[in-house]
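A.B. asks: Starting from the known structure of chain D, fit chain B onto it as the hints suggest.
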Amino acid sequence: MTSGKASPDTESGSARSMAWGPRLGWDRGALARRVSGLPKPVKWALIGLLVVLLYALPLLEIPIISTPDTDFGAVLFTVASYVLVALGLNIVLGYAGLLDLGYVGFYAIGAYTVAVLGSLQAQWSWWLLIPLAVLFTTISGVLLGAPTLRVRGDYLAIVTLGFGEIIRLTALNTEWLGAAKGITGVPRPPSVELFELPHLQWEGATAFLDLDDKTTFLFFGVADQAPYYWLALTVIFVILGADRMLRLSRIGRAWEATREDEDAAELMGVPTFKFKLLAFASGAFIGGLSGALFASRQGFINPESFQLLLSILFVAAVVVGGAGNRWGVILGAIVVAYLPERFRGFEEWRLLVFGAALLVLANFRPQGLIPPRRTRRAQAVDEQLEALEEGADRA
Amino acid sequence: MSFLINNFVELTVTGLVLGAVYGLVALGYTLVYGVLQLINFAHSEVWMFGSFAAVWVTVAVGVAPGSALPVVIGVLLLALLAAMTVSGGVALLLERVAYRRLIRLDAPKLVALISAIGASFALAEIMGLRDRIVGWFGLRDDLDPYVRSARDNTRFRNPLETEGLFTVGGYTVTNVDVIIIVSAVVMMIALDQFIRRTRTGKGIRAVAQDSEAAALMGVNRNRIIRATFLVGGIMAGAAALLYLMRFGVTRWNAGFLLGVKAFTAAVLGGIGNVRGALLGGFVLGLAENYGSALIGSEWRDVVAFLLLVVILLFRPTGLLGESLGRARA
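For the protein sequence lines, the chains are D and B, in the order given. Mapping of the first sequence onto my numbering: residues 1 to 395, in sequence order. Mapping of the second sequence onto my numbering: residues 396 to 724, in sequence order.
Chain D with its partners taken away, still in its complex shape:
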């Protein structure tokens, strides 16, 4: 994995590069090892329990974590859509090491596809719109990536930033796309009303069933947003599975090799350009999907919803969590999306706090809160080598 002593001068590189900085003292692998040491049935039971808990979150209304001021289901959906975006950007930034500052552009293309073809210009079915949205964003990812991925790393960031703004300004100035007033009546997912689920009500530490407050299972309305959260959560699980398979496959290794050292990867027979393009397209795919879900939940979109600062928040989520580690970026997305919703008044300070967080993390912990396992291992090897070299010097 690592080529011994890190040459400090990797041109495009995030990666090994992301591994320097001060080290935390405790062994974060301990919990993971204990869990993976459990017998298989117990492990599956634990995972199943966690999944059920995640699905039940909007019904449980647990006092400390639920939000008093806004519908908890809506907050959970927002968090879930950030998680989805972060997973997509993680493929681009974390696995392939390409800094994309225009990721919101893909999000916008997904959202606009659903809104324009579902409400403004045609009334197509939601089931048709979602695949179309994903198809369009993936194509636009390839179209953008094919010429731009040849420029060097930091220029790529600026080109993508320009691209994101061009998308927003085009939507703002084109009457056919709804211009500044935006698009209303975006189609919602079709409802299948099966049964009703009661919420819990808490008094102190005891919970009661609240029979007045019920969520109709899979009714996608305006007031109760829990079904949107379930939809997004399901999509996340599917994406997580695909992400895991990709990462462990030849493709994942090719991405990592490209990120670590493009020239070396090319010499080893990795067609780096092709794999970078694939990463870009996969990232666009997930970004578009997330945008499409966002639009069909919101029911209304306008160019204001796709500001550049959203791109920066997405990058912050990935970098804060730990680029390249899917659990890390999920944590990052939760931090970025959930804190402002939970603590009123924090919203205003959000960009200041996450801007400062990016600054501090880049300087002191560029690998993020939870760095990828291989980065940690590479770091350990680097440290060992350093210790050996020092020993040799002394002798």
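Because the hints were derived from the structure by calculation, they are not lab data. Among these hints, one or two may not hold up.
Coverage of chain D stretches by chain B, computed from C-beta distances (three or more under 8 angstroms per stretch; other residues unrestricted) [stated by the list, open to error]:
#: 1; segment: 151-159
#: 2; segment: 165-172
#: 3; segment: 304-316
#: 4; segment: 349-357
Below, computed lysine to any residue pairings styled on SDA-like, alpha-carbon distance capped at 20 angstroms [what the hints assert, rightly or not]:
#: 5; chain 1: D; residue 1: K274; chain 2: D; residue 2: D261
#: 6; chain 1: D; residue 1: K181; chain 2: B; residue 2: S692
#: 7; chain 1: D; residue 1: K181; chain 2: D; residue 2: Q298
#: 8; chain 1: D; residue 1: K40; chain 2: D; residue 2: V52
#: 9; chain 1: D; residue 1: K43; chain 2: D; residue 2: W327
#: 10; chain 1: D; residue 1: K181; chain 2: D; residue 2: Q121
#: 11; chain 1: D; residue 1: K274; chain 2: D; residue 2: D263
#: 12; chain 1: D; residue 1: K181; chain 2: B; residue 2: E693
#: 13; chain 1: D; residue 1: K274; chain 2: D; residue 2: A264
#: 14; chain 1: D; residue 1: K181; chain 2: B; residue 2: G691
#: 15; chain 1: D; residue 1: K274; chain 2: D; residue 2: P147
#: 16; chain 1: D; residue 1: K43; chain 2: D; residue 2: R244
#: 17; chain 1: B; residue 1: K597; chain 2: B; residue 2: R670
#: 18; chain 1: D; residue 1: K274; chain 2: B; residue 2: L708
#: 19; chain 1: D; residue 1: K181; chain 2: B; residue 2: W694
Pairwise CB distance ranges, derived in the manner of DEER restraints [said to hold, decoys possible]:
#: 20; chain 1: B; residue 1: V404; chain 2: D; residue 2: G345; range: 49 to 57 angstroms
#: 21; chain 1: B; residue 1: D501; chain 2: D; residue 2: V360; range: 18 to 26 angstroms
#: 22; chain 1: B; residue 1: D501; chain 2: D; residue 2: G391; range: 22 to 30 angstroms
Just so you know, even glycine gets a beta-carbon here, dropped at the ideal spot from N, CA and C.
C.D. replies: Same frame as chain D, now just chain B:
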């Protein structure tokens, strides 16, 4: 098309005025890139702080439009000094907080870029939340004229009244237009001479050419890097005042758009190339004006962004080629 031909002179002059501002801000990108090969993403915020410093000076002095000429010149010079000082200070702060540690550790470019992006947003937000921040210290009422409506446009009362000087092709060229274009060219020549002739300028060129060899020859690299940031900041401060004289408003998030355009100008002229910055600024200003005359003014920013994308893709070395080191004495 006919709009472009009928208003050709006006579009050209205002394009050059815009271009002069872009060019001066572009210097900050070009100098830092030349020396460190890093994109100084937060340079736009250096400019933004300078523009507020200029506004605050006019608020503090409270000069009415139409005062005697010496008073007007005095206030403008004071505003210029304040803008240059604040911008230079913010640039030095930026170097200290966002870059120094990363430069010392020879961190990858992407990490430095992320650090600068974070700094950029934090700085802009500090300006946007300045009313809250002074509120913590209980100074909200005392500083009201400075922090009022922090999230809105802040107006600059130009003590110099705009007067027409002469008319060419149906457009009356004003004194402000002339001042802006002339001072940008003068400052650019001064900077060029500074880099060619002074000891610090020689150091900047040496570090840009080969920083290790320069260090071996006794150039203090860290001092040169600081000087580079300072010079870029001072130029951004001057650009801030010139911008305000023509456009009259600034805003906590005005830096972003101007920054991207100035960066475009720097790349257009050849990033790292000091003379290219002004040329790139002028070309971009003209392209924006002609472009928006042709396809509609709401597409102005799209023209600039498209130009940026196209140059980066097809001629990333810019018009004059990118090198600070090659500018020989």
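A.B. asks: So, for every hint listed, does it hold in this structure?
C.D. replies: Verification of the hints:
1. 151-159: holds (count 8)
2. 165-172: Check passed, 5 qualifying residues.
3. 304-316: holds (count 5)
4. 349-357: holds (count 7)
5. K274(D) <-> D261(D): It holds: about 15 angstroms lies between the C-alpha atoms, which stays within 20 angstroms.
6. K181(D) <-> S692(B): holds (18 angstroms)
7. K181(D) <-> Q298(D): Measuring from Cα to Cα gives roughly 15 angstroms; hence the hint holds.
8. K40(D) <-> V52(D): holds (18 angstroms)
9. K43(D) <-> W327(D): holds (18 angstroms)
10. K181(D) <-> Q121(D): holds (15 angstroms)
11. K274(D) <-> D263(D): Given that 20 angstroms is the threshold and the Cα spacing comes to 14 angstroms, the pair holds.
12. K181(D) <-> E693(B): holds (15 angstroms)
13. K274(D) <-> A264(D): holds (15 angstroms)
14. K181(D) <-> G691(B): holds (19 angstroms)
15. K274(D) <-> P147(D): OK: K274(D) and P147(D) at ~12 angstroms, within 20 angstroms.
16. K43(D) <-> R244(D): holds (18 angstroms)
17. K597(B) <-> R670(B): Since the Cα atoms of K597(B) and R670(B) sit roughly 16 angstroms apart, the hinted pair holds (cutoff 20 angstroms).
18. K274(D) <-> L708(B): It holds: about 18 angstroms lies between the C-alpha atoms, which stays within 20 angstroms.
19. K181(D) <-> W694(B): Within the cut-off at roughly 17 angstroms; holds.
20. V404(B) <-> G345(D): 49 to 57 angstroms: holds (53 angstroms)
21. D501(B) <-> V360(D): 18 to 26 angstroms: Distance hint for D501(B), V360(D) holds at roughly 19 angstroms.
22. D501(B) <-> G391(D): 22 to 30 angstroms: Since D501(B) and G391(D) have Cβ atoms about 24 angstroms apart, the given range 22 to 30 angstroms holds.
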